[in-house]
Amino acid sequence: MKSHILKTELKRAFHGWGMKLAILLAFALAVAEFFSTTLKSTNNLYALYPDGDWGVPYSLWDSWLGGEMLSLPSYLYRLLLPFFAALPFSSSYAHDVQSGYLRQLLVRADKKKYLKAKLFSVWLSGGVATVLPMIFSFLLATAVLPLRGPNRMVNFVIGSRQLFGELYPHSPLLYLLCFLALIFLFSGIVAFVALFVSLYVSNSFIVLISPFALWLMMDITIGKFPLKNDVLLSPMQYLHPAQWVHSSYIIVIVEMILFFVIFGMGFYLVSRNRDTI
Amino acid sequence: MTKNKKRIISFFLAGMILFTWLAMCIRTNIENPKIPLERYYIGDAFTLKNREVVLLNYEIIDGVETKKLLKETDAVWYKEIINEYNDNRIRMVLFTVTIQNIGDTLIEYAPGILGGMMITNVDSLSYPYTDVTDMINKKTLGENWSKLEVGEKKQYTIAYFLDSSWMSPRWWESVDNLSYELILDDYPVEIHVCAMEEKR
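In order, the protein sequences belong to chains G and H.
If you read the first sequence in my numbering, its first letter stands for residue 1, the second for the next number, and so on.
If you read the second sequence in my numbering, its first letter stands for residue 278, the second for the next number, and so on.
It is possible that part of the hints are untrue.
[Unchecked claim] Straight line, CA to CA, 25 Å or less: simulated PhoX-like cross-link-like pairs of lysine-lysine: (1) Lys-416/H <-> Lys-228/G; (2) Lys-283/H <-> Lys-20/G; (3) Lys-356/H <-> Lys-7/G; (4) Lys-11/G <-> Lys-311/H; (5) Lys-356/H <-> Lys-228/G; (6) Lys-344/H <-> Lys-11/G; (7) Lys-311/H <-> Lys-40/G; (8) Lys-11/G <-> Lys-356/H; (9) Lys-7/G <-> Lys-344/H; (10) Lys-280/H <-> Lys-20/G.
The hints are simulated quantities; they were obtained by calculation from the structure and are not laboratory data.
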């Protein structure tokens with residue numbers, strides 16, 4: 001029965017309107033980045049002094065959504081990342097309660113199994129929805145920019161101080177995969193915020209917007225106070241492969257655990273102990 | 278439209294998109310070949326924009342000496358480093374090169390071509406500190422230090438600054454033993470000059 005519930009929840013998560021909208025928005029962001037940054041970079045791929053004028057030679061690695069943090073699409077991605085994560089399935093619990101679906105289901109299945117399946121589906125769909133814009137943008141960039149290493153004649157900032165930074169100069173693709181995995185893991189957990197809020201609020205819009213509000217609040221508060229050596233605590237700043245700020249593995253792991261414990265475990269425990277639905 | 282037809286159309290469209298993307302990728306990579314790379318070591322001569330350049334030596338100097346060099350320049354933005362930075366937080370790498378004018382016109386700013394990056398195997402570190410570079414060369418070569426007459430050869434020092442906040446603590450511990458490399462641009466060739474006496 002457990003696998004049946006999980007299968008149903010996953011099917012609902014990946015076939016719902018939320019995921020379709022997330023795919024559409026992801027594609028829109030990737031296309032916007034393509035026209036605002038990627039295409040411009042095709043003008044100079046080789047030299048610091050093309051035709052005698054000073055210029056910056058761009059490469060694939062600094063000309064897509066995850067390669068730079070200056071363009072509007074890139075900023076929107078960092079800003080709306082928790083919204084992307086919540087969009088596919090985070091409001092489903094509120095919907096299940098309101099529609100009576102949950103009551104019907106619990107007659108036939110165990111509540112714990114349902115909650116675990118819900119958490120897993122929200123995490124998985126949230127993770128997929130947040131890495132999609134990156135994947136679309138990278139694939140679009142590879143169509144017009146050659147696949148060669150990062151251009152080391154310009155001062156790219158990713159180095160040993162950054163997360164997975166030691167991989168970047170020699171294996172940029174491996175670096176990218178590691179970072180996308182981190183975004184996947186983290187943003188899936190961030191989607192639990194909406195799930196937790198849905199325990200108390202039935203309005204889908206408020207539920208979906210809640211992780212974004214927390215994200216923004218975190219950036220405004222702790223994001224403004226860097227620790228020693230300019231290490232930043234705000235995930236909105238460091239959860240981007242271009243990493244124009246410093247962070248550390250400990251901070252990332254602690255923040256992920258906090259999000260998971262407060263919102264993921266919180267949702268599970270509160271919901272499990274509720275007598276009424 | 279039946280479900281089966283919808284599925285066939287979706288597969289067809291997906292196939293078309295995949296094929297177009299693959300074709301564009303292949304075309305882009307054929308049209309933009311990899312930049313040829315020339316690698317040199319200490320003592321090797323190479324030409325770069327009408328100059329023959331030889332890297333003679335390099336030296337990593339500690340924080341105390343770095344501050345002394347920064348103090349000697351007129352640039353005000355070094356004050357923060359001099360007053361607030363711990364001696365162990367900073368280093369300077371000095372590259373000694375000879376540059377000969379092999380063109381047929383006077384060169385106004387001879388070391389300017391070495392404006393590339395200094396890197397290690399884990400980081401891209403910095404551009405040359407022109408204030409320090411200019412100050413050192415002016416002191417050793419006199420007022421006309423930056424000019425190179427046709428055929429003339431001079432020995433220059435190029436200074437690169439290092440700050441521990443740019444590197445992970447693990448790598449900073451071995452900053453004095455890392456191998457350094459200059460990456461220079463002589464379009465359509467990229468030149469790597471390794472500050473090592475022997476080939477790796």
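Taking the hints in turn, this is what the structure says about them:
1. For the given pair, Lys-416/H sits about 38 Å from Lys-228/G by alpha-carbon distance, which is inconsistent with the 25 Å threshold.
2. At roughly 17 Å between alpha-carbon atoms, Lys-283/H and Lys-20/G fall within 25 Å of each other, so this suggested pair holds.
3. For the hint pairing Lys-356/H with Lys-7/G, the CA-to-CA distance comes to about 64 Å; that exceeds 25 Å, so the pair is violated.
4. In summary, the hint linking Lys-11/G to Lys-311/H is not supported, as the alpha carbons are separated by about 44 Å, beyond the 25 Å threshold.
5. With a C-alpha separation of about 21 Å, the suggested pairing of Lys-356/H with Lys-228/G holds against the 25 Å cut-off.
6. Only pairs whose Cα atoms come within 25 Å are accepted, and Lys-344/H paired with Lys-11/G is rejected, the gap being roughly 64 Å.
7. With a CA separation close to 19 Å, the supplied pair Lys-311/H and Lys-40/G stays within the 25 Å bound.
8. Between Lys-11/G and Lys-356/H the alpha-carbon distance is near 62 Å, which puts this suggested pair outside the 25 Å criterion.
9. For the given pair, Lys-7/G sits about 65 Å from Lys-344/H by alpha-carbon distance, which is inconsistent with the 25 Å threshold.
10. Note on Lys-280/H and Lys-20/G: the hinted pairing holds, with a Cα-Cα distance of about 18 Å set against a maximum of 25 Å.
Checked against the numbered hints given earlier, the structure breaks hints 1, 3, 4, 6, 8, 9 and satisfies all the rest.
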